[in-house]
Amino acid sequence: MIYLIRHATPLIDYQPCNARSAKLLLDEYNQTSSIDEAEIAAFLSQPDVSQVLLASEANILSSPVNRAYATACRLFDVARIRQDARLREYDLRLSSIPVLRMGLRHWFALHRILWLLGISLGAATRKAEHQRALGVADELYNSCDEPGKITIIVSHGMFLRTVRKTLQKRGMQARRIYRSGCFTVESLTP
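Numbering (the numbering used here), first residue to last: 52 to 241.
So the derived label-pair ranges between C-beta atoms look like this: (1) 89 / 225: 23 to 29 Å; (2) 72 / 232: 20 to 26 Å; (3) 168 / 74: 17 to 23 Å; (4) 150 / 224: 47 to 53 Å; (5) 135 / 63: 20 to 26 Å; (6) 199 / 72: 46 to 52 Å.
With a cut-off of at most 25 Å between alpha-carbon atoms, the simulated DMTMM-like pairs for lysine to aspartate or glutamate come out as follows: (7) 200 / 135; (8) 216 / 140; (9) 74 / 180; (10) 216 / 237.
None of these hints come from the bench; they were simulated from the model. We put the CB at the ideal spot given by N, CA and C, even for glycine.
Whole structure, please, built from the sequences with the hints as guidance.
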């Protein structure tokens with residue numbers, strides 16, 4: 052069995068801003084360990100949902116990006132967590148679009164769309180990032196043959212979506228177990 056956990060919502064300023072401020076906030080977003088712990092606490096307060104995941108002797112892998120690692124540390128004993136650089140989010144870069152002012156999430160969405168269209172702005176290419184996610188998905192798929200083995204991945208939205216879709220194409224069944232804000236827990240079974 053495989054669990055995919057998306058990090059809790061980072062606590063940064065998402066208010067409307069210009070391009071220059073958005074670039075600074077993207078850096079903050081990528082560096083912050085300050086997450087909405089209420090999202091995780093609500094999950095933990097539902098033992099019928101959380102205890103199966105938490106009680107297992109699972110192999111726990113986390114993105115080294117602070118928001119994901121902080122989420123993993125809130126859920127699991129730090130000594131059990133192994134950081135894996137392959138689990139980081141797809142690269143995102145913001146450009147300077149003068150005069151435009153919008154919420155940070157809109158800046159992220161606009162530039163993610165540009166990236167998906169092949170305008171990378173110096174970020175890793177869509178193909179390269181997709182290949183990285185496919186490699187992780189292949190490894191997860193091959194490891195789920197072992198009976199009773201559980202792997203937990205704590206990572207990021209777009210990266211996890213690619214991993215989930217790849218595993219589903221290989222016949223695994225996905226089920227959302229919990230969601231609050233950004234924090235999402237999904238299971239995948241053969």
